Amino acid sequence: MSSEFHRPVLVREVCEALVPALVLAEAPVFVDCTCGGAGHTLAVLEAYAAARPDGPKLRAIALDRDAEALAEARTRLPGDVELVHSSFGRLPEVLDELGVAAATGILADLGVSSHQLDTGARGFSFQVDAPLDMRMDPSRGAPASQLLAEISAGELTQVLRDYGEEPDAGRIAAAIVAARPTTTGMLARVVAAAMSAPQRRKLGLRINPATRTFQALRIRVNDELGELERLLTAAPERLQVGGRLGIITFHSLEDRATKQRFTALTRTEQPPPGLPIAARDLPRPRFVVPAGYRQGAAPGDAEVAANPRSRSSRLRVLERALP
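One point on numbering: in our numbering, the residue at position 44 of the sequence shown is 44, and numbering is uninterrupted.
Bear in mind the hints are in silico, worked out from the structure with no lab data behind them. If you're wondering where the values come from, they're calculated on a predicted model, not measured in any experiment. Please note that a few of the clues may not be correct.
Stated by the list, open to error - Estimated spans, in silico, between C-beta atoms of each pair:
1. 57 to 193: 54 to 64 Å
2. 183 to 96: 40 to 50 Å
3. 242 to 197: 34 to 44 Å
4. 291 to 92: 36 to 46 Å
5. 242 to 150: 21 to 31 Å
Glycine included, every Cβ here is placed at the ideal spot set by N, Cα and C.
Between the sequences and the hints, there should be enough to build the whole structure, so can you do that?
As structure tokens, this is what we get:
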């Protein structure tokens, strides 16, 4: 497989956020919930080894719902890294099966991998005409072509609005249902023809008119927001004290959900003002957003120039507070 199987984003930022927690742990455990081409896992292993060369062995676990990604990762990772074919929404079950009560560092990169985008047959991209699949795990669920063969115009309108934030959702949905496209090229042409002139002008020449539609269908086919909700519910509770959870988001829907969940977890019920309670006795949050990560970490200009797909990425970090 190609050495450019997947180019991970925010690698330096991920190491800066998670490795300090691993270094302080007596029995560190790192879980990469979206292994991809293993770029983040390798970087964390190397950074940990450099920071604590004589420390305890780091147990590394890597999940991915894409079997092709796991096969690639196996060629790159040390043999003792535990690879699991699973979506990150099943994180608690995976950890239970491996006998892991809590992890020190957990990472999830919510982006579509470069391999998935660049492999036309996977049906994620409108750059190559291919069957409409879009499944991150081709062994499970129904492809996008089946969804478009069965869905009503009203339901598709809602999908495009909710998951693609598409202003022309109604027009585009009606055109798709009338045509029932089965390939990426057909779908892209239908969307371009249905989009209103004002919206095409707003997008300009650099953004394909089908971009938001493809995003919406991909999210629906893979239940991406449902998977994220399950991860945001479970992962914080599976952190060791002092452990950190990092989530890399790429669009407003998943970033908003992550930010809101982290904000909710860092809040505590405060007593009514005026009660004679010492500061040390005030309720403390079980989780905190570490200093420097309130707005998340974004890629620098050099990374964006080298990898334009990193432009919209943002790393958000949550820490299990010390008692």
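Results for each hint:
About 58 Å separates the C-beta atoms of residue 57 and residue 193, a value consistent with the hinted range of 54 to 64 Å. For residue 183 paired with residue 96, a C-beta distance near 41 Å keeps the hint of 40 to 50 Å intact. For residue 242 and residue 197, the Cβ-Cβ distance of about 55 Å falls outside the hinted range of 34 to 44 Å, so the restraint is violated. At roughly 29 Å, the beta carbons of residue 291 and residue 92 sit outside the given window of 36 to 46 Å.
One distance hint, 21 to 31 Å for the beta-carbon pair residue 242 and residue 150, is violated here, with the actual separation near 48 Å.
The structure does not agree with the numbered hints 3, 4, 5 stated previously, though it agrees with the rest.
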